[in-house]
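K.L.:
The listed protein sequences derive, respectively, from chains A and B.
Going by our numbering, 334 is the number at position 334 of the first sequence; the sequence numbering is gapless.
Throughout, our numbering is defined as the position within the second sequence, counted from one, plus 374.
Keep in mind that the hints were calculated from the coordinates and are not lab data.
Just to be clear, a hint being listed does not mean it is correct.
Said to hold, decoys possible - Simulated pairs of lysine to any residue, SDA-like, Cα-Cα distance not exceeding 20 angstroms:
1. A:K140 - B:I454
2. B:K653 - A:K4
3. B:K653 - A:L372
4. A:K261 - B:G405
5. A:K261 - B:P769
6. B:K653 - A:D370
7. B:K653 - A:E371
8. A:K140 - A:R119
9. A:K4 - B:E768
10. A:K4 - B:P769
To be verified - Restraint ranges, calculated between C-beta atoms of paired labels, are given here:
11. A:A255 - B:L590: 23 to 33 angstroms
12. B:R505 - A:D370: 50 to 60 angstroms
13. B:P499 - A:G66: 35 to 45 angstroms
14. B:E627 - A:Q262: 32 to 42 angstroms
15. A:F270 - B:K568: 48 to 58 angstroms
16. B:S720 - A:G66: 51 to 61 angstroms
Just so you know, even glycine gets a beta-carbon here, dropped at the ideal spot from N, CA and C.
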Amino acid sequence: MELKLSDDQRMIRESADSVLADVASSAQTRLAMTAPGAYDAAVWQRLASELGWCAIPIPEKFGGLGLGAIEQVQLFEAMGRHLLCAPYFATVALAVPLLLSLASNAAQQKWLPPIAEGRLRATAPMVADSSDEVSSTSLKLRANRHGNEWRLDGSVARLIDGASAQLLLLPASIGDNITAWFAVETAQSGLRAVEREAWDLTRRFAEIELDQVVAHRIDEPSDKTSASPAIAMARLCLAAEQLGGAQACLDMSVAYTATRKQFGRSIAGFQAIKHRCAQMMVEVEALRSTVYGTAALFSNSQTEQDCPTEAALTLALAKETYFQCAQEAIQLHGGVGFTWEYDPQLHLKRAQAGSHWMGTASVLRARLADELMV
Amino acid sequence: MNAPMNPAANLSDDAAFRSEVADWMRTHLSGRFAQLRHRGGPGDEAFEPTLRKDWERELAAGGWTCVGWPRAHGGRELSIARQVIFYEEYARAGGPGRMGHIGEGLIGPTLVKYGNAAQQARFLPAIVAGREYWAQGYSEPNAGSDLANVQTRCTRQADGSWRVTGQKIWTSLAQESDWIFVVARSEPGSKGNKGLSFLLLPLAQSGIQIRPIRQLNGGAEFNEVFFDEAIADSDALVGAPGEGWKIAMALLEIERGVSTLGQQMHFAHEFSCVIAAAKAFGCDRDPSIRDRIARAATGLRTMRYNALRMLAGDALSLGREALIYKYFWSNWHRDLGRLAMDVLGSAGDLPSDDPLIRPLQQLFFFSRADTIYGGTNEIQLNLIAERGLGMPREPRPAA
């Protein structure tokens, strides 16, 4: 297994970074945070349609670029570093992997091309624990047949970008303890989405209620399909985003302490500051090695069975690293670190919000321990 | 996760090489050598040194010493990928801590790069053959983290030979070694890293005395080495007079991640011993122990991927991942030692020869040294901040 980026992969990384420096400055992020859906539609148009970022993981036969986890983590890392506000995570980290891992060919044919073209924003619920399956009972969703049509009833308490997405992918009980997966177009009567502003304003959640909403079943009833590969990929993408966020916290801290003068000199020269920044760098680089290594493992299909566990342990590490770096950034900024004006607070809120998505660090480690200590 | 580091094209060749190493180890690490499995190495260097030197010669006979050295100097000239495979399979088989590692890993490559033809001819074959063993003389009582503050003096005699006077400390395996390389001050009155020279001395001479240092774990694998007009012959100088610091630093940078994957196989073995002990001593259901075991497992993955990043990098410059590596592994290892002792509980209270207990006690105590030798945690953090983050350098006295 090689951990060296190819020239193309390096180009994706560098171009993502330069585009995001242009469209996701701190001022632009703060504007997007107050917009409906917490994103700038013009920026989304540029990233999703013109630059083709949504096409990255989608196979070429569905109009995508057919790239793998290594390319994908480069993009999420850059987005995390720049605190991009966009429905990219919901669409590409949550919805696309589900379509790829459990949808029928017909469903893939129907939904993947418009996503690849940047015309369709989608989302899906995240698991709340360390498991690899989304349970329909926890979502309180039921599906019933009406002639040739499926109708969904019930509610979803929290769905990232649920009010702005055009397509929801939802698991629902079809009776006999069977869960099936459905695609629901949001522009229809009977579906009510209430957008919630969380402490983390860089992303919106919605509460969804469904009353006899028309749904398309996307999994093949005859296949034993699993959401497991999709959830593993979503965990890896979140870890990569958190890696970028942790790096941003370190960069901000190094830059700020270099300019802040007390006792007649830059505080960056004090070992009390240097050592804490150095410790952040140890944690950030350790996480980077782990995220890149896990991405390389994902790209090597022979070892697919290891992916869910590797993704879980990588995400556990990412959650703790991001939170630690965010709180260190606040501390190292001193008084201004406590202000709304400076960015460390944005990372602290994102780190805290993400701390329980798809399992807390401790339940993810408990899962790893279960596998190690059979 | 055992994915080897292979360019895809050589996959099958590398797999064949891997099984060649594994087969050789299985065949040869047996009989009288079987007791050496998983023994020796830091914290266990006192174990059967004579037998372990025989093992070095067994390796040499199979062509398995100095596998990365150039063929011209008796090495096997393996590619980086093959060296990684060798170190992994060596450690996986429980290959003992290498008595010859200072010769093979440090002074040998230094002589390949900086030694003259006579020095190469005199010293390299004996290292390859496992006939001569080396010790390292850098640290002094007042030159620890401030390594350049060397006080040991050397003076050249009229006949070209050298006299060395002073004291070195923390010298591993000095009592088992034949030669020592030292950094000593050749320009009287010079300070810091200027005016130092790099010399090679035989240890068996009246001007040299070795005193073991009893460590907190009771063992004594480090030593003080006293030099009183000790003699180095006229061809003992490596490089030019005054180049001692340059050569000493180059030697410390020779290790470049290749053997770290072998070190990690050893760590993985220790980790599996901790899990076995957790089961044996009934704390494998304790959630806090399980959490710490999962953290340790994550650290093992991180170290593996970090080493692969190091190997993928430009070999000429230290990347960010290389800069953090020593700090990361030493603290991980020290934490594992504490976890091991907590897993043992009261079973760890008494010194034990139980194969389930003894290695974990040794791990606990000896890993206290990991965050001190080879650059303390504090020095590592300075280096990371200064080289990795471009933060202001610590004030240094003018040389």
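K.L.:
All hints, please: hold or fail.
P.N.:
Cross-check of the supplied hints:
1. Annotation: proposed proximity of K140 of chain A to I454 of chain B is violated, straight-line Cα distance about 55 angstroms (limit 20 angstroms).
2. The hinted pair formed by K653 of chain B and K4 of chain A fails the criterion: a straight-line CA distance of about 39 angstroms is larger than 20 angstroms.
3. Straight-line distance between C-alpha atoms of K653 of chain B and L372 of chain A comes to about 12 angstroms, which keeps the hinted pair within the 20 angstroms bound.
4. For the hint pairing K261 of chain A with G405 of chain B, the CA-to-CA distance comes to about 67 angstroms; that exceeds 20 angstroms, so the pair is violated.
5. Using a Cα cut-off of 20 angstroms, the hinted pair K261 of chain A and P769 of chain B holds, with the two alpha carbons roughly 18 angstroms apart.
6. Among the hinted pairs, K653 of chain B with D370 of chain A is consistent with the structure: their alpha-carbon atoms are about 13 angstroms apart, no more than 20 angstroms.
7. Pair hint K653 of chain B plus E371 of chain A holds up; C-alpha atoms about 14 angstroms apart against a cutoff of 20 angstroms.
8. Restraint check for K140 of chain A and R119 of chain A: not satisfied, since their Cα atoms lie roughly 30 angstroms apart, outside the 20 angstroms limit.
9. At roughly 33 angstroms between alpha-carbon atoms, K4 of chain A and E768 of chain B are farther apart than 20 angstroms, so this suggested pair is violated.
10. Pair hint K4 of chain A plus P769 of chain B does not hold up; C-alpha atoms about 37 angstroms apart against a cutoff of 20 angstroms.
11. Range check, A255 of chain A to L590 of chain B: about 42 angstroms between beta-carbon atoms, so the 23 to 33 angstroms window is missed.
12. Distance hint check for R505 of chain B and D370 of chain A: the Cβ-Cβ separation is about 51 angstroms, which falls inside the suggested range of 50 to 60 angstroms.
13. For P499 of chain B and G66 of chain A, the Cβ-Cβ distance of about 55 angstroms falls outside the hinted range of 35 to 45 angstroms, so the restraint is violated.
14. A C-beta distance of roughly 36 angstroms is found between E627 of chain B and Q262 of chain A, which places it inside the suggested range of 32 to 42 angstroms.
15. Between F270 of chain A and K568 of chain B, the C-beta spacing of about 29 angstroms breaks the proposed range 48 to 58 angstroms.
16. A hinted range of 51 to 61 angstroms for the beta carbons of S720 of chain B and G66 of chain A is consistent with their spacing of about 58 angstroms.
Violated hints, listed in ascending order, are 1, 2, 4, 8, 9, 10, 11, 13 and 15; each of the other numbered hints is respected by the structure.
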